[in-house]
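Peer 1: Fit chains Y, W and A to the supplied structure of chain H, relying on the hints for placement.
Residue numbers (this note's numbering), protein chains in the order written: chain H, 1 to 194; chain Y, 1 to 194; chain W, 1 to 194; chain A, 1 to 194.
Think of the hints as simulated: they come from the structure by calculation, not from any bench. Incorrect hints may have been included.
[To be verified] With a straight-line cut-off of 27 angstroms between C-alpha atoms, the simulated DSSO-like cross-links for lysine-lysine are:
#1 A:3 / Y:3
#2 W:3 / Y:3
#3 A:3 / W:3
#4 A:3 / H:145
[Said to hold, decoys possible] Only some residues are given here: those of chain Y computed to face chain H with a beta carbon under 7 angstroms:
#5 15
#6 19
#7 22
#8 27
#9 32
#10 33
#11 50
Using N, Cα and C, we set each Cβ at its ideal position, and we do this for glycine too.
There are 4 protein chains.
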Amino acid sequence: MSKGRLEAFSDAVIAIIMTIMVLELRPPEGTDLAALQPLAPVFLAYLLSFVYLAIYWVNHHHLLQATQRVTGGILWANIALLFWLSLLPFATSWIGEHRGALVPTLVYGLVLLADAISYFILQVVIVRAQGPDSQVAVALGRDLKGKASLVLYVTALVVAFVSTVVAIAIFVVVAIMWLVPDRRIERMMNATGA
Amino acid sequence: MSKGRLEAFSDAVIAIIMTIMVLELRPPEGTDLAALQPLAPVFLAYLLSFVYLAIYWVNHHHLLQATQRVTGGILWANIALLFWLSLLPFATSWIGEHRGALVPTLVYGLVLLADAISYFILQVVIVRAQGPDSQVAVALGRDLKGKASLVLYVTALVVAFVSTVVAIAIFVVVAIMWLVPDRRIERMMNATGA
Amino acid sequence: MSKGRLEAFSDAVIAIIMTIMVLELRPPEGTDLAALQPLAPVFLAYLLSFVYLAIYWVNHHHLLQATQRVTGGILWANIALLFWLSLLPFATSWIGEHRGALVPTLVYGLVLLADAISYFILQVVIVRAQGPDSQVAVALGRDLKGKASLVLYVTALVVAFVSTVVAIAIFVVVAIMWLVPDRRIERMMNATGA
Amino acid sequence: MSKGRLEAFSDAVIAIIMTIMVLELRPPEGTDLAALQPLAPVFLAYLLSFVYLAIYWVNHHHLLQATQRVTGGILWANIALLFWLSLLPFATSWIGEHRGALVPTLVYGLVLLADAISYFILQVVIVRAQGPDSQVAVALGRDLKGKASLVLYVTALVVAFVSTVVAIAIFVVVAIMWLVPDRRIERMMNATGA
Numbered sequence: 001m002s003k004g005r006l007e008a009f010s011d012a013v014i015a016i017i018m019t020i021m022v023l024e025l026r027p028p029e030g031t032d033l034a035a036l037q038p039l040a041p042v043f044l045a046y047l048l049s050f051v052y053l054a055i056y057w058v059n060h061h062h063l064l065q066a067t068q069r070v071t072g073g074i075l076w077a078n079i080a081l082l083f084w085l086s087l088l089p090f091a092t093s094w095i096g097e098h099r100g101a102l103v104p105t106l107v108y109g110l111v112l113l114a115d116a117i118s119y120f121i122l123q124v125v126i127v128r129a130q131g132p133d134s135q136v137a138v139a140l141g142r143d144l145k146g147k148a149s150l151v152l153y154v155t156a157l158v159v160a161f162v163s164t165v166v167a168i169a170i171f172v173v174v175a176i177m178w179l180v181p182d183r184r185i186e187r188m189m190n191a192t193g194a
Numbered sequence: 001m002s003k004g005r006l007e008a009f010s011d012a013v014i015a016i017i018m019t020i021m022v023l024e025l026r027p028p029e030g031t032d033l034a035a036l037q038p039l040a041p042v043f044l045a046y047l048l049s050f051v052y053l054a055i056y057w058v059n060h061h062h063l064l065q066a067t068q069r070v071t072g073g074i075l076w077a078n079i080a081l082l083f084w085l086s087l088l089p090f091a092t093s094w095i096g097e098h099r100g101a102l103v104p105t106l107v108y109g110l111v112l113l114a115d116a117i118s119y120f121i122l123q124v125v126i127v128r129a130q131g132p133d134s135q136v137a138v139a140l141g142r143d144l145k146g147k148a149s150l151v152l153y154v155t156a157l158v159v160a161f162v163s164t165v166v167a168i169a170i171f172v173v174v175a176i177m178w179l180v181p182d183r184r185i186e187r188m189m190n191a192t193g194a
Numbered sequence: 001m002s003k004g005r006l007e008a009f010s011d012a013v014i015a016i017i018m019t020i021m022v023l024e025l026r027p028p029e030g031t032d033l034a035a036l037q038p039l040a041p042v043f044l045a046y047l048l049s050f051v052y053l054a055i056y057w058v059n060h061h062h063l064l065q066a067t068q069r070v071t072g073g074i075l076w077a078n079i080a081l082l083f084w085l086s087l088l089p090f091a092t093s094w095i096g097e098h099r100g101a102l103v104p105t106l107v108y109g110l111v112l113l114a115d116a117i118s119y120f121i122l123q124v125v126i127v128r129a130q131g132p133d134s135q136v137a138v139a140l141g142r143d144l145k146g147k148a149s150l151v152l153y154v155t156a157l158v159v160a161f162v163s164t165v166v167a168i169a170i171f172v173v174v175a176i177m178w179l180v181p182d183r184r185i186e187r188m189m190n191a192t193g194a
Numbered sequence: 001m002s003k004g005r006l007e008a009f010s011d012a013v014i015a016i017i018m019t020i021m022v023l024e025l026r027p028p029e030g031t032d033l034a035a036l037q038p039l040a041p042v043f044l045a046y047l048l049s050f051v052y053l054a055i056y057w058v059n060h061h062h063l064l065q066a067t068q069r070v071t072g073g074i075l076w077a078n079i080a081l082l083f084w085l086s087l088l089p090f091a092t093s094w095i096g097e098h099r100g101a102l103v104p105t106l107v108y109g110l111v112l113l114a115d116a117i118s119y120f121i122l123q124v125v126i127v128r129a130q131g132p133d134s135q136v137a138v139a140l141g142r143d144l145k146g147k148a149s150l151v152l153y154v155t156a157l158v159v160a161f162v163s164t165v166v167a168i169a170i171f172v173v174v175a176i177m178w179l180v181p182d183r184r185i186e187r188m189m190n191a192t193g194a
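Chain H on its own, in the form it takes in the complex (with noise of 0.2 angstroms):
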């Protein structure tokens, strides 16, 4: 399997799931301003949803840039996120028509927290078979932030039983703890070449 098309077919795949989440965003019947407001957690979790996957767009490519070698085991890993990840348009619908909803909360959690962890299954398949001294097992070192995000998304599913607030409100945490730009790495992927 050439890693060529691997990204290929994932960034195509990424990208109809970020697109047509956007189909969820029906016009109102209504042309006056009040007719736009029901459509207001809609939006905002529309754009929650696009910035995970542009996140995960981003650091599978990057994930990939550092593997050299694609074996059937990424390849199935690689499909198995992908799944996940197409579950996303479902739940970003559920809960931006019922925001506050308990179930639909915890459904978008348990979807983010299985594409977490399926993201985390397809980075130690390919540690694994890359060696532990490659150049993406020590470009991820510990994966603070990995882990960090699953310890939240489990945090958020137990919290949204009080609070289904706060529980977004941890969602939405995880999402900036990754976009904001992490220097060390960068330094150390720009150090080994990457």
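Peer 2: Just chains Y, W and A now, with coordinates in the frame of chain H:
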């Protein structure tokens, strides 16, 4: 016809087919766990079809990787395969909404059979264009899995008249059969430098 | 404008157009064979349009393969072609749901005619940019098929007022005309090293 | 981040946005010419947005072609652009269904303005990363068209309160302004070897 563009086009079509299926997974009206329950068969049908499409994508990649020459026949056999694969979202949606119903199960099986037959034809056309001693002919060997799949699909179609549950179980078994890595073939591919 | 990116963008748009058409093939409410019957014309319309789009994709590939220089004019003629092709799902859906109705048949024929005219314009713009002695000008020759298609579309539009069945038969004939491999042209392309 | 993958991902997202808009062009219930009439504004809105997206695609291509170095800032400015472009189908659908209504016209104009601003930011981030004497900085020059577009969008938003027809006419004028080839810039690009 350059092989690269044929691969890229097939990738795009398969990626879109995989992803638009999830549009059928519509968020329920209610917001409790009971509201999610009717979605379970839709979700499972989506999962099965997603895995099937991923298998076709992986096999298609290996097949074309071992192909040196793209002819008009290969081009159109490939387009026929994409056409039959594109019917999977329709069949998936119908079987998901009417679990256990005979005709949707038959249609799902017929689409899987048509996919398998058109893939088989694509293989024949490619082998004929590359010659019987070509790398692709050697790599495919007797294509036991491909032939077993055809037999199993036909069996499932007959069995469906007695029990749709058993028929669907057969569809799952075929998918698992393809998921299990075939070390011998991989070794052979590696040995021939694919 | 690099030719590669123009090809990749056109491929993506054509792949999406081909695949979103199948979204119109909605699973029926019922689950017996009778429930499938009203879908037959929708399915046949989808098949015909899928074949047309595949023909455009193949011809578009050959045309660009023989193109050395991409100008602004080529770029916009190509975008115009993609626009008119993008109307095919709409026309396919309408004619599929109202088989035999006059206006949907006319609209379908007009979209096919607009597709053919915009493809013809793209050819003219490309030949003009490459020069009359260029490989692409020689390969196209007198473009008998292209001109015959235009005449046949116009004929079908007139005939539709008498019989929509005959008009649709003409659309099918044009598609078959393009599917039949044109050995002379292929030989000429090979001879000129395309 | 390799430039190639950034371009391919942007192409895929723009191609999908362009094509899913046509899903809003639903075939009418009736089959006479009168049934088509209400679709006219939807069709014209689709045409205008298609042209806008094509312009963004062409300009985006030229901009990246002149870019040597892709930084994290460029990456995220590009993702922001794709996000705002992805809102065009929503705005197109709303304005198409309620021609002449104030709020849909304002929303359409605001999305166009957001697209233009995010494109402007992308330009600034790219020029900053390449340096003031870089090819891209020279090619952009004073970017009169970009600045004029921003002024015209704001004008249209104000004018819309008096006449939505004039506001929409301004949106059309901006699109035509970009369609008219700018010989000077093309010459400059050619002179600098772009």
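Peer 1: Each hint: holds or not?
Peer 2: Consistency of the hints with the structure:
With a C-alpha separation of about 23 angstroms, the suggested pair residue 3 of chain A and residue 3 of chain Y falls inside the 27 angstroms cut-off, and the hint holds. Taking the CA atoms of residue 3 of chain W and residue 3 of chain Y, the gap is near 16 angstroms; set against the 27 angstroms cutoff, the hint holds. This hinted pair checks out: residue 3 of chain A and residue 3 of chain W have alpha carbons roughly 16 angstroms apart, not beyond 27 angstroms. Restraint check for residue 3 of chain A and residue 145 of chain H: satisfied, since their Cα atoms lie roughly 26 angstroms apart, inside the 27 angstroms limit.
Hint on residue 15 of chain Y holds. Least Cβ distance to chain H is approximately 4 angstroms, under the 7 angstroms limit. Hint on residue 19 of chain Y holds. Least Cβ distance to chain H is approximately 4 angstroms, under the 7 angstroms limit. Hint on residue 22 of chain Y holds. Least Cβ distance to chain H is approximately 5 angstroms, under the 7 angstroms limit. For residue 27 of chain Y, the shortest C-beta to C-beta distance to chain H is roughly 4 angstroms, which falls under 7 angstroms, so the interface hint holds.
The criterion of a C-beta within 7 angstroms of any C-beta in chain H is met by residue 32 of chain Y, whose closest approach is roughly 6 angstroms, and the hint holds. With a least beta-carbon distance of about 6 angstroms to chain H, the hint placing residue 33 of chain Y at the interface is held under the 7 angstroms criterion. For residue 50 of chain Y, the suggested interface contact is upheld, since its CB lies about 6 angstroms from the closest CB of chain H, less than 7 angstroms.
Hint check: no violations occur; every hint is consistent with the structure.
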